[in-house]
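Number of protein chains: 2
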Amino acid sequence: MRLKIKSLKFAAGRPVAILNNETAKQLNVHVDDRILVKKGKGSVVAVIDIAKGLIKKEEIAVSQEILKDLKAKSGERVSVELTFHPESVNLIHKKLNCIPLNEKELTKIIKDIVENALTEAEIAYFVSSIYKCGMSIKEIEYLIKAIVKTGKRLRLRGKVADKHSIGGVAGNRTTPIVVSICSSAGLVIPKTSSRAITSAAGTADVIESIAKVEFSVPQLYKIIKKTKACLVWGGSLGLAPADDKIIQIERLLNLDPEPQLLASILAKKIAVDSKYVLIDIPYGKSAKVSKPGALRLKRKFEKIAKDFKIKLKCILTDGSHPIGKGIGPVLEIKDILSILKQTPERPLDLEKKSLMLSGIILEMTGKVKKGHGEEIAKKILTSGKAFKKFQEIIKAQGGHLNSLRLGKFSKEILSPRNGKILEIDNKKINFLARVLGCPADKGAGIYLHKNKNDKIKKQEKIMTFYAESEDKLKQAIKFYKKIEMIKIK
Amino acid sequence: MRLKIKSLKFAAGRPVAILNNETAKQLNVHVDDRILVKKGKGSVVAVIDIAKGLIKKEEIAVSQEILKDLKAKSGERVSVELTFHPESVNLIHKKLNCIPLNEKELTKIIKDIVENALTEAEIAYFVSSIYKCGMSIKEIEYLIKAIVKTGKRLRLRGKVADKHSIGGVAGNRTTPIVVSICSSAGLVIPKTSSRAITSAAGTADVIESIAKVEFSVPQLYKIIKKTKACLVWGGSLGLAPADDKIIQIERLLNLDPEPQLLASILAKKIAVDSKYVLIDIPYGKSAKVSKPGALRLKRKFEKIAKDFKIKLKCILTDGSHPIGKGIGPVLEIKDILSILKQTPERPLDLEKKSLMLSGIILEMTGKVKKGHGEEIAKKILTSGKAFKKFQEIIKAQGGHLNSLRLGKFSKEILSPRNGKILEIDNKKINFLARVLGCPADKGAGIYLHKNKNDKIKKQEKIMTFYAESEDKLKQAIKFYKKIEMIKIK
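Going down the list, the protein sequences come from chains A and B. Per my numbering, residue 21 is the first one in the first sequence, and the count goes up by one each step. Per my numbering, residue 21 is the first one in the second sequence, and the count goes up by one each step.
Check each hint, because a few of them may be wrong.
No copy labels: a pair is met if it fits in one copy or bridges any two.
To be verified - Below are the SDA-like pairs computed for lysine to any residue, each with C-alpha atoms no more than 20 Å apart in a straight line:
{"id": "1", "residue 1": "26", "residue 2": "73"}
{"id": "2", "residue 1": "152", "residue 2": "279"}
{"id": "3", "residue 1": "114", "residue 2": "152"}
{"id": "4", "residue 1": "448", "residue 2": "102"}
{"id": "5", "residue 1": "45", "residue 2": "460"}
{"id": "6", "residue 1": "169", "residue 2": "245"}
{"id": "7", "residue 1": "59", "residue 2": "88"}
{"id": "8", "residue 1": "320", "residue 2": "64"}
{"id": "9", "residue 1": "361", "residue 2": "177"}
Just so you know, the hints here were simulated from the structure itself, not pulled from any lab data. Being a predicted model, the structure only gives us computed values, none of them experimental.
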């Protein structure tokens, strides 16, 4: 079939062709099928979209990618024919039947994901296969290699260390403090973080309330050269593009299969050249994993890291309730600053955990003798060195510490009775923070006046909600009344 | 966030909003996420697409559905905010964990599929959940009810009978013959068929080479009133729109999970008001199912049909090799016509199977006494009544029997030695027919001069390939040389 090109000035990120619904019927193709678009000796495989009205029967609307590949222009004619699915579709089918894939096969799938040769539905099948069938350690290692191979990779000198939390605990923003302390001690910490997927904020969202977090790789080298560290968003660097794409499909159903979690974290650590890695695994009620799950993760992390010649430690921490006082980008930055500045109202639980994590990193890298890590970390913090380092990093990332503004609509939540706080549910508090506008509304969030195990009197403040719109505040209050987020005995 | 509407004259089939990539980053949304688009008191949930260049940062390109729902025009401003996934996403997650769904839950998912509220990736997760976890008889029945409820439904008088083959056998085009014989005997047969998914041709593709197959429901009533039967494509009638959409996602990975197969077939039979149904289950090597699989399907078909008060029979047939001589739309019509016209070169295996199936239907509907079905069917066929009826149906569907043209490029395949044909692989022959251009190229396909168990001499013709382009013929020959499609001993 020959069709006339209509350019839509549309860069879809992959070769996409839009056909008139009549033309699609004639070709017997559906949305997400593929066709071969040919011009002269050139050809490109395009994913199909179908529209009524936008284009005529004899036309084909193509994305910029196709014009470029075929060296074609609007108005020219191309021929169109059916084509078969890429080989990786068969491999995904194989994995969905729980047949393990080898290195070549997993590399093929990951390559096709990065090159946008697979549709969202096909990637969803791949995620389902991992979710339902799991992966052997060997398969996870192949996956890691494939993710690293298809992305950019940093090369850094010095003792390159890193930390990572598997997430799920509201307010648990240790990273900026640990990075500041450890890089003050001479370690190189190229910290890349994610944005929030289901939580109130990711480290990238939090730092973004005071500095830029999106950089190119050359810009990143400059920041690290200047400060020995960084606090940036991983997504813009192209270090693990396959992983970014897979996570995007996982979040549709809120899935986070263990093999993909392991591969995602370790591929990113390898991509930034980390030689020493500390993994924080919060576990417990309303955390991401249970204790047996945490122990299993630890075993697998350690095994895989060993095979990749990375010195890695896992620490299991209490993830049954929020840590710190603020939940939401600006509120969390305020917590971090109060610890770095050592103000009296700083959240001591967050400080304690940050010092503990810093201590382990200082010891495992050999910067500090065994048994003295936490003590040295504390010195670096109380001396103001860590705060100075944090300011350096923020400045290098084009930021400053002024003008932190909380949402202008707020509501104090008071205790209905005297008692003791038995439980604060992480998942519910994260969800509530999102209703308030997190992470897009930087000033939105929840300030906890009290945390787990604290005593509280009737009518005393438990927490304050912040929002940037009255509407969202109202929605959050309505939602709060419906759920039991806090248990008071 | 407030954005200016840019209309794309784009009817996407669901509310789709395209954002500039910078705007998407600011909102922290990705492709396939959802946003709430508001104007005044109206609001609509839209699925997001992201583009560079097509639209500006302060713009939002929206599909016609959104303009209509919001009563908005190009150039007007709308506000945009984050929203949560529809409830059915959580239900799909639940099913992916193999937790059974109840009637209300399955109805919710099916309704969202029909209303295009779920993305392709989310439907892929739903298909995965069925594929990996299976479904109880109860769940399949809920699924059937939901599919029927969300589609159109025929109401017909008389003894309404139907036949269906689960497919997979090349050339097995009994339907037009069975429909012609049984409606000649006074039964009402509102036969809707599918187009090919992975085979060379579906019944709809075959009939389309001589008549129209796409009709509206009122047009269909007229055809049935005139002829007591029809041979149309099910897809254009809107009888089971949810099923059509699910099949579209299944075909990406070539999946056909048993519960969905059962639900799909039975929902369509209920939708056309069939009271008597015969299911042909071909089994064996290179068929869709093995013998134990066929027996399991039979048990389930019978149980569910009973619950829906349908008289249903399953017949297990030999599906280990092709049936008939022609494979491909025009070639199969030629087989059918030769049987209806009783020409000497007609394929006797296809005739025999068609008579057997017709006989069973005539007996189960009580039209013919037990033990005499096949005999009466044969009389109807040899008397020319069935051919007359077939001509009536084709005429009522705007067709005629002239000008059946085979592809003008052909190649005879000769036997490399004397021997006996032990095996012809259905899957490979179907695939080869698709390489030749089936089902879009109506004249493409394979003519089998010999079939399983036939003796053959060296240099005698085994089969002839037909294609509408030289290129496809060459591709098919190349492919044929690489695979072992036929075993000769």
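Hint check:
no.: 1; hint: 26 x 73; result: both (13 Å within a copy, 16 Å between copies)
no.: 2; hint: 152 x 279; result: both (11 Å within a copy, 18 Å between copies)
no.: 3; hint: 114 x 152; result: both (13 Å within a copy, 13 Å between copies)
no.: 4; hint: 448 x 102; result: between (48 Å within a copy, 18 Å between copies)
no.: 5; hint: 45 x 460; result: between (42 Å within a copy, 9 Å between copies)
no.: 6; hint: 169 x 245; result: neither (25 Å within a copy, 64 Å between copies)
no.: 7; hint: 59 x 88; result: within (12 Å within a copy, 38 Å between copies)
no.: 8; hint: 320 x 64; result: neither (41 Å within a copy, 45 Å between copies)
no.: 9; hint: 361 x 177; result: neither (30 Å within a copy, 84 Å between copies)
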